[in-house]
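Novice: Residue numbers (this note's numbering), protein chains in the order written: chain A, 1 to 131; chain B, 132 to 410; chain C, 411 to 630.
Think of the hints as simulated: they come from the structure by calculation, not from any bench.
Do not take every clue at face value.
Said to hold, decoys possible - Below, a list of computed lysine-lysine pairs in the BS3-like style, where the Cα atoms sit at most 30 Å apart: (1) B/K313 to C/K560; (2) C/K489 to B/K308; (3) B/K410 to C/K489; (4) C/K489 to B/K357; (5) A/K97 to A/K64.
Spelled out from the first residue to the last, the chains are:
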Amino acid sequence: MSAWKRLFWGIGLWAFSNGFASDVLDLSRMNSTILFAKLYEISQSAEEYKGKTFRMKGYYELAKDEIDGKKYHVLLLSDAAACCNFSFEMEWDAHEKIPKKGSQVTVEGIFNPIFEEHMIIPQLKKTRIVP
Amino acid sequence: MPDLLETFLNYLQYGFVQRAFVVGILISLCASLLGVMLVFRRFSYLGDSLSHVAFGAMAIAAALNFTDDLLVMLPVTILCAVFLLRSGNGTLVKGDASIAMMSVGSLAMGYLLMNLFSKKANLSGDVCSTLFGSTSILTLSSFDTVLCASLSVAVILFFVLFYNSIFAIIFDETFAKASGVKVERFNLVMAIVTAAVIVFAMRLVGSLLVSALIIFPTVSAMRLFKSFWGVTLCAVVLSVFCTAIGIVVAILVGTPVGSTIVAVNILIFALTSIFRRVK
Amino acid sequence: MILEVKKLLVGYHKKPVAAELNFSVAPGDFLCIVGTNGAGKSTLLKTLLGLIRPISGNIIYQVPSKEIGYLPQQNRIPKNFPASVLEIVLSGRNAHRSWRPFYSAEDKRMAFENMERLNVLQYANKCLRELSGGEQQRVLLARALCAGDKLLFLDEPVASLDPEATADFYGLLKTLNESGLTIVMVTHDEQEGLENASQVLHVGNPNFYGDLEEYRARFT
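This is chain A alone, in the form it adopts within the complex:
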């Protein structure tokens, strides 16, 4: 295919996929560079993303809050150098089977930012595992 044809198809596909813009923001196939940039943007305009469905890939952990002793389900996203880590708190969907701790999972959930004093806690509600 010549370069011009490829460009044409590329733009066409892009327009096509946008025309069919689904409500799921797919972060699961992004490489770490663009993923963390996107996550930063989401954290800066959390209100706008509230209620949107995110699809993400990361590691499942069960974390214990040191202050109040409560247990939290956490999805851990880390970059190649493991120097930037981003974690989402998860509320599993009613009938969802909880995966093994430390395993890699791809999930979909509704983004629900919890606004506390100086921070925003990123939470996913009704989280389901997707293939």
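Got chain A; can you put chains B and C on it based on the hints?
Specialist: Chains B and C in isolation, oriented as in the chain A frame:
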């Protein structure tokens, strides 16, 4: 290939990607002009040292809870630049020792301050990003973009309008002064420009890699051209090219932006060196 | 008189490096400034050019600074600096540029004229480092003439040249002097350097200023 292209066009819709390209290209343009001014005056390491000072200033800003660290970084770095570039005139400490002291001191104090005072959760991530520029160029706000763009335009204008005086000063400062060029004033302005460009360049490639952005384009260009005008133009073109390619590769492959840009610069340098040999 | 110097004390940080100087330069003169190392010759030259402030005394020019050229000591030019001969010679026209950012057609014409005069026109697009020592000095001389062509100051111009290039250069200076250029040259070379001098200023203990014959009588 079409898959990659589709992904790239997809990413190009994101505001932060567009801003990254615009600001990245403008900053690398300015950095290459800076390189032309610094490399021939044997001040190549100044970029590195000033970026460490800027890092220290950023730590102070974080410790004092400034929302916009540029307010601290810019004045502190500018003051240091002015001090360092003028300290050749009879002050106690000689050139490279004073640069080294300031540089390493700021880096150490900066890191210490950040550990003592910062309330941010992801401290090592921030430090890593600031030092190596993994994603900082992709996290710019619209305000940052406007600020960077204005600065870049100012620097470019300065260089274009005063090109002949700058050349005269770099080539032979004594003769320039004797022929009426206001050398003192220019040195002051060049110090300020250096500091400002370095502070912004840190957003692109991180503190530790700023020197690369400044030095490589000029040195590569010198292997291809023999006139000052040729070298300047070539350095600008190479710098912008390397940054654009670097950002594209980084967002498609997932590598840290800063190191990728520097890697492309190194590749170009190797190519131009080979070209020079073969010719 | 194109230049008059009265009771001049030169030095750094208010410390004079030479005794009081009194001399004058008439149009068409060829003044050589000699003296031992460290006697203050270069300091004097830099003071005359306005690069250093005099400690006391008067320097009176009858010629505007736009007509004064200067050839500095050669060793300070960065070795691998990429600059074409044309760019370097043109940079002499900075003195005439005022507020305009770019060189005018007149500036370029003067540059080409001076390059031709000094036989370096064929090197216009070559890099300075590709030329021999003698050729480099001629390029810098062309630059000096672009800055000003009534009065020329030279600071040890043949210090790094071989004997043949030195003789060539002196020949060039003689030709320029005979066509009306007033020359003030600081030199170490008391043999051949003084051949074309009309006046000699000896900076030392004590200072001496006079004709070439007087100098020769006194000092040889």
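Novice: Now look at each hint and say whether the structure bears it out.
Specialist: Checked hints:
1. B/K313 to C/K560: Since the Cα atoms of B/K313 and C/K560 sit roughly 23 Å apart, the hinted pair holds (cutoff 30 Å).
2. C/K489 to B/K308: 20 Å, holds
3. B/K410 to C/K489: 22 Å, holds
4. C/K489 to B/K357: Holds: C/K489 and B/K357 sit about 13 Å apart, inside 30 Å.
5. A/K97 to A/K64: 20 Å, holds
In this structure, none of the earlier numbered hints is contradicted; all agree with it.
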